[in-house]
Amino acid sequence: MDKTESKFAQKLDWSVYILFFIVVLGLPLLTDDVFWLNRISKYLVYGMLGLAIALSWGYAGILNLGQGLFFGLGAYMFAMSLKLKSYTSLQQGSAEPVPDFMVWNAEPGTPTELCCIVPGSWLWIPFQSQTFGMFMSILLPVFIAFIVASAIFRLRVSGVYVAIITLALVLLVRLLIIDAQPLTNGFNGLTDLGWLTLKGFEFDPYMVATYYLVAISCCIVMLLTRWLVSTRAGLILQSTRDDPNRSRYLGYDVASYQIFFFVVSAAIAGFSGMLYVIAAEFASPTFLDITFSISMVVWAAVGGRSSLIGAVIGALLINSIEAAVSESEIFKEAWKLIIGVIFILVVLLLPRGIAGVARDFAGWLESKSLKAKNSED
Amino acid sequence: MTNRRNFLKTSSAWGAAAALGPSLYTAPAAAASEIEVGVLFSLSGGLSMVEKSLADATLMAMDEINAAGGVNGMMIKPILEDGASDPKTYNEKASKLVIRDRVPTVFGSYTSASRKAVLPVFEKRNNMYFYPTYYEGYECSKNVVYTGAVPNQQLSNFIPWIFKNLNKKKFFIVGSNYVYPREMAKVCKILIEQNGGETVGDEYLELGHSEWGAMVSKIKNSGCDVVLSNVVGASVISFYREFKNQGLTHDKLPICATVTSELEVSAMGAEFAVGSYASYPYFQAIDTDANNAFIERYRKYVNDPAAVTHHALESSYFQVFLWKQAVEKAGEATPNAIREGIKGQVFDAPNGRVTIDPDNLHAYLTPRICQYKPDGQGTIVDEYPEPIQPLPYSAYGETSDNMFCKEGGLDTSKL
Amino acid sequence: MSNIFFIGLSLSSILLLIALGLSITYGAMGVINMAHGELVMIGAYTAVLSGIYLNLNLFFALPLAFLVSAAVGLLMERIIIRRLYGRIIDTLLATWGVAILLQQLIRLEFGLTFFGINIKGLGPGLQKMEVPLFLSENFDVLGVTVQPYRSFIILLTIGLALLTWYIMYRTSIGTQVRAIMRNPQMAAACGIDVKKVSAWTFAYGSGLAGVAGVLLAGFKAVVPTMGSSVVVDGFLVVVVGGVGSLLGTLLSAVVLGQINGFFAILTNDIVARAIVFGVVILIILLRPNGLFGFKSR
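Protein chains in written order, with the working numbering: chain A, 1 to 377; chain B, 1001 to 1415; chain C, 2001 to 2297.
It is possible that some hints are incorrect.
Listed below are several chain A residues computed to face chain B (Cβ distance under 10 angstroms; list not exhaustive) [stated by the list, open to error]:
no.	residue
1	V34
2	W36
3	Y87
4	Q92
5	N105
6	N188
7	D192
8	D204
9	A280
10	A283
11	S284
No wet-lab data here; the hints were simulated from the structure. Just so you know, even glycine gets a beta-carbon here, dropped at the ideal spot from N, CA and C.
Hey, can you work out the whole structure from these sequences and the hints?
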């Protein structure tokens, strides 16, 4: 939404946001079921991923088919710190924490020390600090996004080729993570993690406090992103999406805007990775599967690719229904079929997603009420 | 005007909340005469080929127990969940079974990756996991009952036998890239060295990978005289096929496998496995009345007269009976009671008499080796006279007198 | 050394097989068909089912799979893709939806699983296809061990590539397709029935996918998800080779296959694939139109 939209539309937008926050933050008051709350917090993370896609796709016109890369990197960075905090890591016969998988990947006879038990294990040493892990989970995705985006946008690669590069990139990194089994535990992923500890308080994933941690983070990210796109930079970004050449002629450095927003999108994804690990106690190479990355695009498309909150709601909706349906095996498979069909229909008929439908409906309402008002005069 | 706007917003918001709502809110509590248990295997994805059979065997055992009167008169009610061949999904489903459904026990897992993924759930919430699959050892959890073979029951017999009977000394170890094959390889290397042999290769391919041209070529050029395969799942099929397609034969360069069971052989086509070897405590070819009757019952249960049985399947079956005995001995179905009750339990399984070691909660099993025939079955070429004690840390020096994994937990000073 | 070359060649031929159909649909139609892998999968299942129910062997399964996949492709084109010409990203997304659809159809055995009916040869489990004996036995030629099945794939792929080249460059319909590739509006103005030609082109590309599926079934396990892993590889080959250039696709398949094979022997298959992806990224960055492409559409 940009400043040129009607005041009515802006008010509608803000109302939806406020209502969303009320519902999300008020959920724990409705139920005691921590298992269910934990699930919702995972979906809120997915919502943030949808939002990151909407930011880069809807606002910047950059379709990132490999968003899972930044999500996965963020997740792994923080999971590394949590792994070293787990009870098992201290049970390997060494004074410092050593991840269990390194021990079973080591050559027989190697001393159990974090610096040298497997080639490259010294990379783990700084992760003994939880804060380091938290910083890295945003910094590493940002760093990589910056390099990739600079290469792509300075070389004026555009359109579908950008999508293909992001796709190839996420696949590449996934293979590297899986291959480096002694370092990352490969296909098994990082499991058996400790809990996030802030000022002595431990965040058990199945606890209301953890839900609030995720929910509040999600709301803050939504607000910040919303603010970001309403700034002048956000407007210019949209112009680069609509017509990059004209923007260049007008003197804007298109590439810089694209790089900046691509990096912001990656930072959001990395941060969500960290939150996901807190809620799910798990980091896995499946985060870098293309199916998962493309699912994020599906959520954003269904929710509305140009609407940040639409993308969030799209993600929540699809995953909730999937969870409800997957209780029964047959329906779960049928649901995947239904999702496929819904997706096709959305692409064909509803390119602006649910948010688009809602806006159209609201617009229709407004015009009707304006007509009624005018005809009264 | 404001009313219509508000109506739109409110209704859409509540609609969203309703969709998010716990639609299947709380599962109805089990009737007083039922015990709910979890059954967690991959029913979809690349590993469903194997794991579905494990789920079937588990459910068959439960049906048999219920038909015979249940557990202390109470019927077993299984809650079946799909791990989808993905450790992450396994973790989610295990959390659901333990935290939301509050079952006292879950039976599940094939790959060690899935077991490692769910282990924290059972340890942190103090629940019980019955794990039927042979694995790499090096684990000691008081929340898991392990009814599959550990390396001292699968490799400690195999490798010396290969030296002695096949006269092979140069090993090429190949496996799928995750914890089980990696740790098994480590144990293999230790055993190979102890027996005076040489490891000329230690390679891995991604789980499910089906392009084996380069790897088989490497095997050919490595100068090995025997291949030790820890390859898992669908890759086994591509591997054996490529092996034959590149002109290698099992009489000159045999594949000795730890994860090629009757199931994989039937899926790949028996002609590719003829002459190769495998090591398990259980083979369908065990010719006892108990086993033959078991095979018949299983075939009837899955309605497939050509169904094959294999080690993990047999363990999935008998571990339910052991669990039943534990509950009956303890008098109640809670995790702590089940743990106490399972220690020392004995059951006459199709493979022989199984006892649960009270210290490490693993199973006494009889190591066997077979060679595959053209009909897809194995001829048992080596068999221990009686079950041996499970020692999950045998490769690190654990012996019956010096156990690393005891009731109090793992003694890390011994590592 | 020749072994490495042969493995690379074998990998190349499989890549080319997949990429050939994609090159046509992408190059000719400007459609990114993410369901191409599923069309391959359908070809493989056709082979499995025709083996079980019609007792047809590999050689009869090939044309049958071509027809089945072509038919499915035609259907896709008529119902969905037709409405998305010019919207390349949307075709990517919509065909991804179709891919999910096709996978689930096979998994759910066309809905019959709901009724508890299981068709042998369908469903989520593994299937296999029988390879005729004379193709699986190795034989020696001049002291070199020849692997017949892989060689068969290479020969058939070359044959199909030549056939495709012939159609595209030596027949009138091929000329029409190439005209549409360069400029669809102009082609329509010249009297070419763009809609019909596009539909048949798409069907042809899909048919090639079906043939690839049959050949893959000979050494890969046949599962509903077998398509997803091949479609990405195919795309990368097409994009690197250059959109719309058959020669580019061929050369890029050879190059990427050889790189893959070489590094697979040097390190392992996983790193080799990662390197191939890295090379692809570099090529797209430096030459977005691929090695032989031209700017069109």
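Hints versus structure:
1. V34: holds (7 angstroms)
2. W36: At 5 angstroms from the nearest chain B Cβ, W36(A) passes the 10 angstroms test, so the hint holds.
3. Y87: Holds, about 8 angstroms.
4. Q92: holds (7 angstroms)
5. N105: holds (5 angstroms)
6. N188: holds (4 angstroms)
7. D192: holds (5 angstroms)
8. D204: Holds, about 9 angstroms.
9. A280: At about 7 angstroms, which falls below the 10 angstroms cut-off, the nearest Cβ of chain B leaves the hint on A280(A) intact, so it holds.
10. A283: Where the cut-off is 10 angstroms and the nearest Cβ of chain B is about 9 angstroms from A283(A), the hint holds.
11. S284: Hint holds; S284(A) Cβ to chain B Cβ min 5 angstroms, cut 10 angstroms.
In terms of the numbered hints stated before, the structure departs from none.
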